[in-house]
Structure formats: structure tokens, C-alpha cells
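Participant: If you want the building blocks of each chain, they are given just below.
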Amino acid sequence: MELIGNLLLQGVQMFLVLVLAPGLTGLVRKAKARLTRRRGASVLQPYRDLWRLMQKEVILADNASWLFRVSPYMIVAATWVAASLVPTFAIGLEFSWTADFIAIVALLGSARFFLALAGMDVGTSFGGIGSSREMMIGAFAEPAMLLVVFTVSLVAGSTQLSNVVAFMQSDAVGVRVSLAMALVALVIVALAENARIPVDNPATHLELTMVHEAMVLEYSGRHLAMIELAASLKLLLYVALIGAIFLPFGIGPAGTGFAGLAAGLVFFLVKLVGGGLLLAVLETSVAKMRVFRVAEFLGAALMLGLLGTLLLFVSRSL
Amino acid sequence: MSFDPPSLVLIVPAVAAAMLALMPSYRASAWINVAASLLTFLAAASLFVVERPEAGDYLHVDDLNIVFIVLNTFVGLTAAVFSASYIGHELQTGRVTPANLRFYHAMYQVMMFGMNLALVSNNIGLMWVAVELATLSTVLMVGLYRTHEALEAAWKYFILGSVGIALALFGTILIYMAAQPILGEGLPSMVSSKLIASAAELDPKMLNVAFVFLIVGYGTKVGLAPFHAWLPDAHAEGPTPISAVLSGLLLNVALYVVLRFKMLMAANETALAPGPLMVALGLLSLVFAAAMLYRRRDIKRLFAYSSIEHMGIIVFAFGMGGALANFAGLLHMVMHSLTKSAIFFAVGSIAQIKGTQRLADIRGLTQSHPLLGWGLVIAVLSIAGMPPSGVFMSEFLVVTTSFSRAPILALVLVFGLVLAFAALLLHLTGVAFGEPSGEDEPLHSTLVPLWLHLALIMLIGLHMPGPMVEWFRSVAALLG
Amino acid sequence: MIGAGLTIVGLLLVLSLAAAVLPNGPKSPVVVYGASTALCSVLATIGFAVLAASADPVGLILPIGLPWLGAHFRIDGLSAFFLLLLGIGGAAASLYAIGYGRHEHEPHRTLPFYPGFLGAMAVVILSDDAFTFLLSWEVMSLLSWALVLTHHRAEDTRQAGYLYLVMAGFGTMVLLLAFGLMAGSGGSYDFAAIRETGRNEMLAAAVLMLMLLGAGSKAGLMPMHVWLPVAHPAAPSHVSALMSGVMTKVAIYGFVRVVFDLLGPLPWWASPVVIVAGALTAVIGILFAINDGDGKRVLAWSTIENVGIIFAGLGLAVAFRANAMPGLAALAMTAALIHAMNHMLFKSLLFMVAGAVLNATGRRDLDALGGLIHRMPVTAALALVGVTAISALPPLNGFVSEWLMFQSVLQSPQLAQPGLQFLVPAAGGVLALTAALAATAFVRFFGVIFLGRARSDPAAAASEVDRWSLGAMAGLAALCILAGVLPGLLIDFVGPAVEIASGDRLVSQTSNAWFTLVPLPQIDSSYSGFLVMAFVAIVGGGAAWTVHRIASRGVRRGPAWDCGFPNADPITQYGAGSFAQPIRRSFGPVVAARETVFMPPPGDPSAARHAASTTDLAWRHLYTPLIALVGALATRANSLQFLTIRRYLSLVFGTLILLLVGLATWN
Amino acid sequence: MPDLAFDIAHMLAGSLVLVSFMMIYQDRLSALLNTFALQALLLAAAVGWQAYIQGASHLYASAGIALVFKAIIVPWALHKMIQRLGIHREVETVVGVVPTMLAGMGLVALSILLMLQLTETAESALAREDLAFSLSVILLGMLMMVTRRNAVSQVVGFMSLENGLILATTGAQGMPFVVEISVAFSVLIAMIVIGVFLFRIRERFDSVDTEAIEHFRGEKRS
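Chains as they are written, first to last, in numbering that gives the first Met the number 0: chain P, 0 to 317; chain H, 0 to 479; chain B, 0 to 666; chain R, 0 to 221.
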């Protein structure tokens, strides 16, 4: 009976992230539109888009291989699994120990890997540009992210996100320089990973400036829907992750009752909205940078992450 | 007359030399040469089974020289076999005349006589005479082709060898003078077994001076740098079977003589330890020869320098001393002699096929003549210390034992070894691989000696025969 | 067990000799490779059995080798693990070669050396005294050198072979020194005696450094790696697979055996050297892999990278062991050993893929390939498994060892030395960077070879390879997946080896629910490859099913988006060079990248040109000067060849006088 | 009587060294050959004297060989040769005479220093002195070999070296093989002389100057 309850809870988590993800994307778009004095589409527009795309027939390039067709599902699966493993409203869920923080990062890496491969499949120059640049961004973002993981895990003594959150909720944590650095690094990584300004522009229509969009240029119909969904899931994942680690309040501890779970859910929604709005503000206030400056930008994140790890030994008493 | 192997290994070559000098047909003389060498070898090999004769004032057989006598006669035999198959083509190409050949075969046996005498003699005077005899006969052989280069090489060899022999004689006289007050006037003071037995009583200072002269004198014969100059040219310009004998035997004989005196020095505790001097000369020879290997253009000269290098290793090993290093030195002597003569057999065949000794003109041997090419590859890699040849074992022992005792010296040694290895391999890669050069000439000479040697080298490298181990160990203990 | 192992070795050697006399026909390769496959399978079984039974070490002495010592052999957990690795790698490569070998024009240049090479590697693993160890080590080098020279007609190959054997000779010499230090002047060469001998920390550290040089040069540790990217690719592909997949592991075995088993206590300050060497090797290796335009060389560079990762793990194990933390040392050691196994699996697989591509197209340069996924679908699928695994992506096996490595990095705060506390996480960061770059490298590798459109006619006309090859590749791919999904099994398996090397082992992992890894229960970090695999499969499959079910399933083919420039040539695709460009720009100084652009002036119709090159800094700053030095030495010495007799006499005379003066003053 | 015998032996040996110096001083070939003949003569006397005081009759044979072969035949043959070659007036030292003399002094000092270190016993005193002188002669002979460019003077140097050796062998009381060694060396010298002849007769070299051998073509062929 308990097992069923736990499984149910895990299921809720999985569907929660899936359902909320397009909404978060919609929210960011809406907020950005409003910030630039446009009216913008409805927050629910991404849902409609997804549905419409799924209904459409797929147009495959002549040269597309089976990999091209399989990749969207691989990508969405990997991202979704990763997103489901980030604590949202409660910790200690049934399958939370499936993968730790490192594995979540790596799962996102798998998604990127297949996306990049798919970008190269058709054999146009744009796909290659996108893949190449995406992998370059990943080459910096992933280690930066892992250094964040190191910092956080060294503080919390575990790479298990449930344990990390539990530790962060406890009094033992205090204010630490290294955590602050990790936060900054994580935000930078999140921007890069989600193809956000200043690293990439999700709304561009000029092929040569695209990174993410260039890779998926050939996708259409349900495949594109999967890719879009995966992108939304990833955004949600990062917001949830930042929320869970650095603003852990409200997340229900392991084995909490219904009230705890409900409160956690509310807090989660608040965090999502807050995160989305902040992102919109950030995106409207900076300009996109040249692609080769991205290395420096992300290199800064890498250095911050490393510094955060190293400073742990200095600032433990703080 | 009872069966007396030590005298037999002298009588057979002497008689054969006389016979060959009178023999007009080169074919018959080639085979008589082989037969005589075979007889000598059998006589030497019988030392394994018959009881060793008592050490006399002139001749003796002990643990040290038994190995060298057998080895010497064996390589003498294989070289004779190789020579028999090799020399015919030389006659065809007109490099030698039948008259020359008659002289050649007679001299071959004289040379064998000289070397065998040096090995079995128990008398430092006789030893000196024997080494001189062997030297002179090889000088004549080196000049056999009568070309400008050959005569130059022979002349160089002759002059340097003569000076060496003179210095060695002075050393010998000094030893005699040191021994004379103890062992009395006359012959006993020159008998090396007696000398060693009473070495502790000899005047150490006299021994010191003597040893310096002996090592410079016989060291010239060994080919140690900086006394090496005759060696590469003599190897390169003489007939190839003689190059094999020079590298495989004559150097060994000279080294054997040095070892005898080292034993004498080691037995006297107050005398200068011969070790450091030998170590220094050994390392110098090794590193110098290794550096010389790179710029070689002539294949025989290349391997002649490699002989200098190996003499350096051996002398280094003996210089380090101790049971293991001495064992390694002895083993290395045997292995080098077998391997280097095998290499010269291969080189002889190659030079005949390609009609040149220039390294640059020899290419792709493993492609054009697989059996010869791979034989050369194995032989060269063996001499470079690659397993499973016995050279690997001796280098293993030398390097491992010396490093914990004298790290700096061992590092120099290793530097020299790697340097030499890289050089040999550089030339080997060119010679053995790539697109074959020249026309597809068939072989003119037999490969049996080559592969026989290779088989022996591998065998000893993997499993040394028990008696050999025993002899080496007892000698290693004697060498101190 | 040891007897059986040696019998197999003996049979392999006999097979080698037999291969030398076999007729040069089409049957010979089948016989030789078939027999090798069988024999290697037996080797693997022996290793497996010893590990599974956690059998006590068994020794055996044969009367060969050093006469008074004999050849000592022994099989314990550590050797059994590497024997298993060798067996699997060898069997796969041999199986592959049954098909692949048919395409070799000169089988007699491969066959006589191939089984012997396998046998020599087995002897290295089984040997229990210094002499046998080094002898077989050298034989291994020698035979692989002969194999590298299979295509000896190419100048490049000859140079590669030359460089390889010189480096191998150097490595062996250094190992000789290391064993010399351990055995002492008394010459106690058998491992049991070496193990018993007490030695101080300085000496132990010196041996460790020598081992790092000696074994490192064989494994491809920087800066002794220079031979590897040229020699491994020069060999036929099944041999490349063996060299990269197995032989580097044998080198690592040597390092582990000596440093962790024979050497005794190590000072902590020895560990940073190993860690730094490993981490730098890893990151620099992978950067070169990204920038190389030759498929097999990319793989070889990646081997260097992986060797670096393994050495970093070994360095961590040294650090933990020096701090008397056997449990954590076991974690790092497990990570290293499992990575060794994993790397053997996927690197062998990828070299076979490269071989298959080479056979199908005759091309090794990436920029001549492309679109092979259409022509060689099975190979492509298997290659995909390989590149995913090597990029350390879950749920495949590469990630498992990566994960374990990070777990042990995260234990660094427990180390007592502040220096290490700083260094280890930084090294961890470098390893993370390496992993991400590896993904880049292999997206490029797979993408340029298999995806897109064919860039040359042979690539467009390629066809799928034979069944034997596919079978071998499929086997390795299956093992990659298996080791990724059920890593606990592998960890338990490697336990006996880890215990020998670090004095402790990880708790048993097979009893955890859902095949989850919890290497350190007190830390409670966990990862379940099985569940990740299951979830991804279920979710992905489910999503596909649902979408096809409730939404659309229609497909229409159409031309790709050409941005308004129709009929683009395949050359306009992103190629190997262009794909690497962002990384090359970002990490320019590390790989000494140079880009030159030639733009014709306006009006000139000639084509613009762009060339990019990278240079190995180790080659430029270490080897080039060294070669120049040797050259100068040789030239200097060479003048001594041309002196007059009088001058030579002066040399003799001078030396004599010098010695006499020395004697006079010494007295 | 022993004292007188010692003195005479000492004087003869000493004069050998002196003649060696004279040879170094000679810079013309014919003069050099004459000086060498003088040395051989002195050697014969020294050996003869040793034969007399040791009562070793076989040493007379050595003395005879020295007298006939080295004091007469070889100088005569060489004289003929240099006449024919027209090089009898040639000055062919590499290093100047004065530095060579100084080096020679050093060598004599070295040999005396070395030999005096030997353990002193009553009966070996004579031998020690003799040894010091013969070592000097040997070293001076070698010095001559390396400071002269002409093959003939090198041959002379070698023979002088060998004189020192014979002196040493006869000084060593009761040493066997002395005569054999004398003979062996005579053969050696004969071969060298013949070799020099050969090179000239076959017109392989422009001169017997060993500098010509510098162009050893084996390695410089290309």
C-alpha cells in the first residue's frame, strides 16, 4: 500500500514537470513580451503549439536517417527523466535514488549528444554549425555544472539531490561564499544550456546566428513538438534545480504528509513563476554576445565553479 | 698418445693450415677448412665429456675458458661453413683470385690456431704470442681484397694493433717482474693459474702499472674507445666471414685475456681495484659507439661500431663486478659473439645480393628475401637487447644490479643503450622494410649458420643450459 | 588455473610459429584468427572463473628465464581481472579479424605475430618475477611493432613503427631501473621477495616515478605519448583495437601491480604527480582528438585521454592509501579498473568500426566520409553505442566509471593534506571538462563519418561489412550496454583485484535494489544504470507510441532547407575541421592551433583556402630539441671516423699517459 | 762486482734514454735513422751485458738480433728507401722540437715516478732502475710516433718503442720467451717496413705520409 502511494507520488512528480514545463516557457515569453511593451501570446500558447505540431505531418529531409527520427524521443525521454529526478515539491521519492546530481547532468548531456547528432544528420551546413557550437557550449557548461555539483555535494556530503536539499534545509548550512559562487555559476550554465540570451537567442530567425535553432532547423511536426517539449522541460529543470538547492524552503521532507506535499507544491509553483519572471527580466536587459565570446562567458562560470569548490576549504567556518 | 682435447684444438688448425697452404683447388680447400673447423669443434666439445686435463705450465682448461673454447670453435665452424658458401660468389665477381683464396683458407686456420692458443694457454707469455699471431693473421685477411680501402684498413689495423701489442707486452713483463720474487725465476712466474693463486703476495703497485698497460694494450684489441679506431674499418673492408670472426671471436679472445688479468687484480686486495677504470672505459665506448651509429653509411661499419658498443657494455659489467654483473658480462660476451657473427653472416649475404654495402641502397629485405630479412631483423633486435635473446637477460642483470649501486653510472648506461637502440633500429627499419631496392637476385650463400645462431641465442635467452650456468657462476665468483 | 592459463599461452605461441609456416592462402587467416578467438575465450573464462570463485592465488615456476630463479607465474585477483579484460578484447578482435583479415593483402605480415602478441600480453599479466615480467613486456612491444609494420611500404608506417619501438625501448629501460631499485643489488627478482623487502618512502616514490615513466610510456601518458597517435592507427584495425583496448591496459596492469602491490607504503606527495599527469593527459589528449582529421588517429588520441583518466584515478588511490584510507582507495581503484575494462570495450569497438569503414571505403580521413549510416546501418548503430559509451553518457558503461571517479574525487576533503584537498577537486574539474570534450569529439567522429551526405565516391558506394566483423562489434556493444546497466556486477567482480591493489574493496553491490550502485553506504550517493535505462526506454518508447497513436504518424520526404542556395555540394557540410573550429579557437594555445586563410583579391576567380593545423607541444618542446641534441652528438662524434692513424695513436698515447699520471698521483 | 755490474747496466740503459731524446731532437730523416742505429747498438750492448751478468746465454741471441737486424739491416733499408723517395732531408714534425722535448722530459719524470713507487727490495733494485729507463724509452718512442707525420719516422718511433721493450724483457731476470719475443718483434718490424715499401711500390699513395690516409673513403664515398 505504501509502495503504491510512493509510486503514485513519483508519478505525480513526473507528470507535474511535464505539464508545467510548456507553461513555464509560455510565462517567460509572455513576460518578455510585456517587458518589451508587446502584448505577447497567451501563457498557454506553447501547449497549443505542441498540440498543433503533433497533429501535423512530418516532413523529412531526403537524406534523413533513422537516427533523425529516433532522436527526438530519446531527447525528450532523457530530459524528462532528468527533470523528474529533481526535487520539486518533495524529496525522498521512490525513485529519487535512481540518479544523483551527477547523473542528472549527464542525462542532460545525453540529450544534447543526440540533439547534436540529429543536427548533423541531414547534411546541411546549418545543422553542422548548430551542432558544433552546441557541443562547444556544452564542453564548457557541463564541467561548470559539475563543479557546481562538486561544491554543493562537498557542502552537503552527498551527490544525492534529496540529501542535498535536506542538508540545505537544515541549519548546518549557513551563508557560504562558495555557495554564492556556485549559484552564479549555475545561473550562467542555466542560461547557456537553455539557449537563452546572451548565449543564444531562442527567437532568432537568422540561421547564422542560431545555435540551438540551427540544429533543429530540419525538424517538423511531432518531432519538433518533442524537441520543443524537451527544451521546456530543460528550462523547468534548471529553475527547479536552482530553487531546490538555493531556495529549499517549502520542499516536503521525506515521508511528509499531504499538507506538506500541498505546501511544497504551492512553493514550487511560486518558485517557477519567480524564476520565469527573473529570466525574462534578465533576457530583456542584456544583448546576445558573439558566439566565440561564449567560451569566455562560460569559462567564467567554470572558474567560478572551481573557485567555489576550492573556497570550500577556506570558508567552511562562515 | 692419449686423447688430449686442449692440444687437439691446436694441432688440428695447425695441420690444416699447412695442408691448405699447399692446396691448389679452392673448392676442396673450402671444404677442408670446414672439416678442420668441425674437427676442432668436436675436439673442443669433447671437453664436456672427457675429464679436464691437469693445468700445465703451458695449457689448461678451467671453467672460464671452456666456454670460450667451445664457443670459439663453434663460431669458427659456422663461419667456415658460411665462408664456404660465400666465397664462391666473391670469386665469380672477381673480388678475389684463386691464389688469394688459398692464402685465405690457410690464414683462416692460422687465425683459429692463434685464438685457440690464446684461450687454452695458461701462460701469459704464450697468451701474448697467441694474440699477436691472431692479430697478424687477421691483418692479412683484412687486406685480402687488395683494394685501396682494404689496404688502408689493414694498415691502420696493423699499426694500432702493433702498438697495442707492444704495450700489452710491457704489462706482461711487469707482471712477470712482480711474480718473479715470489714464484721464482723462469716459467712459473708466467703461469696464470699460479699467478692467480699467489696473487695476494705480489707487489700491488707493480700490478697497478701492469694493469694500465694491459688494459690499454689488450683494450686496443677489444676495441674499447678511444683505442677502437682500427675496428670499424677492419670489419668493413675485409671479407665478411672474417668480419664475423673478428667481431665474434677476436674481440672475445682479447676480452678473455683482459678478464684473466682482472682475476689476478681481484685476487690481490691491496692492488688498485680494476673496476672503476673498466667502468669508465666501458661507458665511454658504449656512449661513443652509440653516437657513432647514427651517421653510418656502410652496413658493415655500422655493426662494427655496434661491436664496440657491446664491448663497452661487457667491460662495464665486469667493471661493476659482483656475482650478478659478472655473470651478465660473461653471458653478454657469449651472446654478443653468437649474435654479431650471425649479423655478419646476414650482412654478407645481403652485400652479395645487393652488390653494395651502402645502407641507403639496401631496402625492403623482408619483402624481397623474407628468410634473410627476418633473420637480420631478429638478429639486430637481439643484439639491441630485445628478448627473447640472451642479450636481454644480460642487459637486464647489468642494469638492475648497477642502478641500486651506482645510480649515475646506470643512468649513463641506460642512456647509451637507448641511444644505440634508436640508431640500430633507424638503420634496420630502412634496410628491412619498405619497397625492396635493386633487382631480385637470388641468395648466393647459405642461411643455415645465421638461423642456427639465432636458434641458439633464443634458446640460451629462455633457458640457459645447466653446466653453463655453473661455470659462469664459479667464474663470476672468481672475478670478484 | 595458472597451468591452464600458461597452456593457452603456449598454444598461442605455437600458433604464432605455425602461422609463420602456413601457406599464404585465404584459409590461413581464418584458421589463425579462429584459433585465437577460441584461445582468448578460454583465457577470459579462466579470468572469470578465478574472479568468480575469489580463488586464492596460485603460483607456478617453470625452469626458463633466469637460471637460478626460473620463471615465476601466479594468478590472483588482479591478474585474473586483467586476464579477463585481455580475453574479451582478444577474442573480440580475433573474431572481427576472421572477417576483416580477408581484406589484408599480405596476411603473412600479420599472422605470425598476432597470436604471439596475445600470448605475450597474457604472460605479462601472469608473470610473478621481474625478469619474466620485463621479458614478456618487451616481447609484447616487439610483436606489436611487427604488427604495426604490416603496411611497411608506407613511409609514415615505418616512421610510426620506429618511433614506437624506440619509445618502447626507452620505457623498458626505465622499468629496468625501477625493478633494479626494487630488487636491490642482490637481485631478489621474484615478486614475493620484492614485496617482502622493506623500503623507505623516498625509494618507493622514486620507483613510482620510474613506473610512471616506464609504464606510462607504454600506456600513452603525456609526454611519453607521442608514438601512440601514429603507431596505433598504422596497424591493421583489429591490431589497433588490441593495442588501444588491451595493450595500454596491460601497461596499466604493470603500474598497478608494481605501485600498489609490490611497493609498500607510498608518501602522499607522490600522488599529485600521478593525478596531475593523468588529468593533463586526459584533457590534452581529447583536445587533440577533437582536432585530428584522421578517424583512427582520433581514436588513438582518445585512448590517451582515457589512459589519463585511469591514471588520475590511480593517483587518487595513491593519495587515499597514503592517508590510510583503504576504503576510499578502493573506490578510486575500482573506478580506475572499471574504466580500464570499459575503455577496452568501447575503444575496441570503435577501432573495429573504423576498420569497417576503412574496409568499406578505403579512407581514413574523416573529410572523405559521411552518410555511411545509410550504407552501413548496422555498423552505424553499433558505432552509436560505442560513441555514447565513450562519451560517458548514461546509461552506458562509460558513465559508470566516470561517476565512480567523481565520487572518489568528492571524498577529497577527507584527505589530510591541504594541497591535495585543493588539487583533487581541480583535477575533478579537469576530468569533467574532459568528459564534455569527449562528447564533442565523438559527436564529430560519428557525425562526420556516418551522418550527413557522402563527401567522396567511395563513401557513397560503401557497403556493409561481413558478419564476423559485425558479430564481434555487436558482442562488444552488448557488453558496453550490459556493463552500463548492471555495473554492480562488474564492481563485485573487480573486488578481488581492488582488494589486492588497495587493501580493501567496495561493499557488495549486487544486493542493492534495482541494480543500484551505492559505493559508499555512509555517503548514500547512488546511481542505477538499470533504472535510467528502463526509464529512458519506457518514457521514450511511450512518448513515441503515444504521439503516433493520438497525434499524427504521417511522413513525407522533401528536400532539406537550403537557405536559398539550391543544390549545395556535400562539401558545404560541416566537416571535421569546421566542426572542431570552436574548440580549436577556445583552446588554441594548448594544441598550438594555427589557422591560415587565403582570400584571393577581388576579381581573382581562384578558390579561397583555409587551413588549420595543430601541433603537439610535447613534440615541439621536448622531442624536437632531443632529436636535435642526438643529431648534434652524432655529428660531433662522427668526425672521429676520419682521423689519421697518427691522431688515433695520439688518442691511445694520451689515454695511456692520462692513466699513468692518474696512477702516479693516486699512489 | 755487483755494484759495478749495476753501474754499467744503469749507464747503458740511461744512455738508451738519452739517445731517445736525441731522436726526438733530430728533424731530418737520415740523421734520425743514424741515431736509431746508435740506439740499437746501445741496446745490443745492454742486452749483451745483461746476458753476461745474468749468465743467461740465450740473451746473447737477443743482443745479436738487435745488433744485426736493427742496428744494421733496417736502418740500411730505410736509408735506401728515403733516398729513393727523395725525402731524406725532409722535416716532418707536427709539434716543434722544443715542446716535444719538454713533453719527453715529462714522460721520463712520469716513468721514474711510477717505478720508484714500486716496493723496494734489495734484489729488484736493478730491475726497477732498468724498468724506469725502459718505460721512458717506450713512452718516448710513442711520443715520436705521434709527433711525426712521416711514415718512416713513425716506423722509427715504433722500433724505438720496441727497443724499450727488449730492454725491459732482458732486465726481468730469467724471463722466458725473450728471444722469441725479439724474433716476433723483428717480424713485426719487417712487416711494417715492407708495408711502407708496398704502399710506395704500388703507387697507391702520393707519399708515405700517413696524412694521406685521412681520406678514408669507406665512409666518405658519397
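Source of the hints: derived by calculation from the structure; they are not laboratory data.
Cβ atoms here follow ideal geometry from the backbone N, Cα and C, with glycine treated the same way.
Please note that a few of the clues may not be correct.
[Claimed, not checked] Restricting the straight-line Cα-Cα distance to at most 25 Å, the calculated cross-link-like pairs of lysine to any residue (SDA-like) are:
1) P:55 x P:212
2) H:204 x R:44
3) B:26 x B:48
4) P:55 x B:541
5) P:55 x B:555
6) H:204 x B:26
7) H:204 x B:661
8) P:287 x B:585
9) H:193 x H:269
10) B:26 x H:269
11) P:55 x B:585
12) H:204 x R:13
13) P:55 x P:223
14) H:204 x B:663
15) P:287 x B:584
16) H:204 x B:558
17) B:26 x H:268
18) H:193 x R:179
19) P:55 x B:551
20) H:204 x B:664
21) H:204 x H:268
22) H:204 x R:108
23) H:204 x R:104
24) H:204 x R:112
[Stated by the list, open to error] Label pairs and their calculated CB-CB ranges:
25) B:554 x H:434: 48 to 56 Å
26) B:488 x P:39: 49 to 57 Å
27) H:406 x P:289: 55 to 63 Å
28) R:104 x H:49: 52 to 60 Å
29) P:312 x B:33: 55 to 63 Å
30) R:82 x H:359: 45 to 53 Å
31) H:354 x B:26: 52 to 60 Å
32) B:266 x P:257: 20 to 28 Å
Participant: So, for every hint listed, does it hold in this structure?
Facilitator: Quick rundown of the hints versus the structure:
Taking the CA atoms of residue 55 of chain P and residue 212 of chain P, the gap is near 19 Å; set against the 25 Å cutoff, the hint holds. A threshold of 25 Å between alpha carbons decides the hint, and for residue 204 of chain H with residue 44 of chain R the separation of about 30 Å lies outside it, so the pair is violated. Simply put, residue 26 of chain B and residue 48 of chain B have alpha-carbon atoms about 33 Å apart, too far for the 25 Å limit, and the pair is violated. Note on residue 55 of chain P and residue 541 of chain B: the hinted pairing holds, with a Cα-Cα distance of about 19 Å set against a maximum of 25 Å.
Restraint check: the Cα-Cα separation between residue 55 of chain P and residue 555 of chain B comes to about 11 Å, which is no more than 25 Å; the hinted pair holds. Distance check on the hinted pair: residue 204 of chain H and residue 26 of chain B sit about 73 Å apart at the alpha-carbon level, beyond 25 Å; violated. Distance check on the hinted pair: residue 204 of chain H and residue 661 of chain B sit about 13 Å apart at the alpha-carbon level, within 25 Å; holds. For a cut-off of 25 Å, the pair hint linking residue 287 of chain P to residue 585 of chain B stands: about 19 Å separates their Cα positions.
For the hint linking residue 193 of chain H to residue 269 of chain H, the alpha-carbon distance of about 18 Å falls within 25 Å, and the restraint holds. For the given pair, residue 26 of chain B sits about 71 Å from residue 269 of chain H by alpha-carbon distance, which is inconsistent with the 25 Å threshold. Distance hint between residue 55 of chain P and residue 585 of chain B is unfulfilled; the C-alpha atoms sit about 41 Å from each other, more than 25 Å. The hinted pair formed by residue 204 of chain H and residue 13 of chain R meets the criterion: a straight-line CA distance of about 23 Å does not exceed 25 Å.
With a C-alpha separation of about 10 Å, the suggested pairing of residue 55 of chain P with residue 223 of chain P holds against the 25 Å cut-off. Between the alpha carbons of residue 204 of chain H and residue 663 of chain B the distance comes to roughly 10 Å, so the proposed pair stays at or under 25 Å and holds. At most 25 Å may separate the alpha-carbon atoms for a hinted pair to count; residue 287 of chain P and residue 584 of chain B meet this at roughly 19 Å. This hinted pair does not check out: residue 204 of chain H and residue 558 of chain B have alpha carbons roughly 99 Å apart, beyond 25 Å.
For the suggested pair residue 26 of chain B and residue 268 of chain H, the alpha carbons sit about 68 Å apart, so the restraint of at most 25 Å is broken. Taking the CA atoms of residue 193 of chain H and residue 179 of chain R, the gap is near 22 Å; set against the 25 Å cutoff, the hint holds. Restraint check: the Cα-Cα separation between residue 55 of chain P and residue 551 of chain B comes to about 6 Å, which is no more than 25 Å; the hinted pair holds. Between residue 204 of chain H and residue 664 of chain B the alpha-carbon distance is near 12 Å, which keeps this suggested pair within the 25 Å criterion.
Restraint check: the Cα-Cα separation between residue 204 of chain H and residue 268 of chain H comes to about 11 Å, which is no more than 25 Å; the hinted pair holds. Annotation: proposed proximity of residue 204 of chain H to residue 108 of chain R holds, straight-line Cα distance about 17 Å (limit 25 Å). Between the alpha carbons of residue 204 of chain H and residue 104 of chain R the distance comes to roughly 23 Å, so the proposed pair stays at or under 25 Å and holds. About 12 Å separates the Cα atoms of residue 204 of chain H and residue 112 of chain R, which keeps this hinted pair within 25 Å; it holds.
Distance hint for residue 554 of chain B and residue 434 of chain H: a CB-CB separation of about 54 Å, consistent with the stated range 48 to 56 Å. Between residue 488 of chain B and residue 39 of chain P the beta carbon distance is about 54 Å. The supplied range of 49 to 57 Å therefore holds. For the pair residue 406 of chain H and residue 289 of chain P, the supplied restraint of 55 to 63 Å holds, since their beta-carbon distance comes to about 56 Å. Roughly 58 Å separates the CB atoms of residue 104 of chain R and residue 49 of chain H, a value that falls within the hinted 52 to 60 Å.
In this structure the hint that residue 312 of chain P and residue 33 of chain B lie 55 to 63 Å apart at CB holds, the actual value being about 58 Å. Between residue 82 of chain R and residue 359 of chain H, the C-beta spacing of about 47 Å keeps the proposed range 45 to 53 Å intact. The hinted range of 52 to 60 Å is not satisfied by residue 354 of chain H and residue 26 of chain B, whose Cβ atoms lie roughly 38 Å apart. About 58 Å separates the C-beta atoms of residue 266 of chain B and residue 257 of chain P, a value inconsistent with the hinted range of 20 to 28 Å.
Of the hints listed earlier, those the structure fails to meet are numbers 2, 3, 6, 10, 11, 16, 17, 31 and 32, in rising order.
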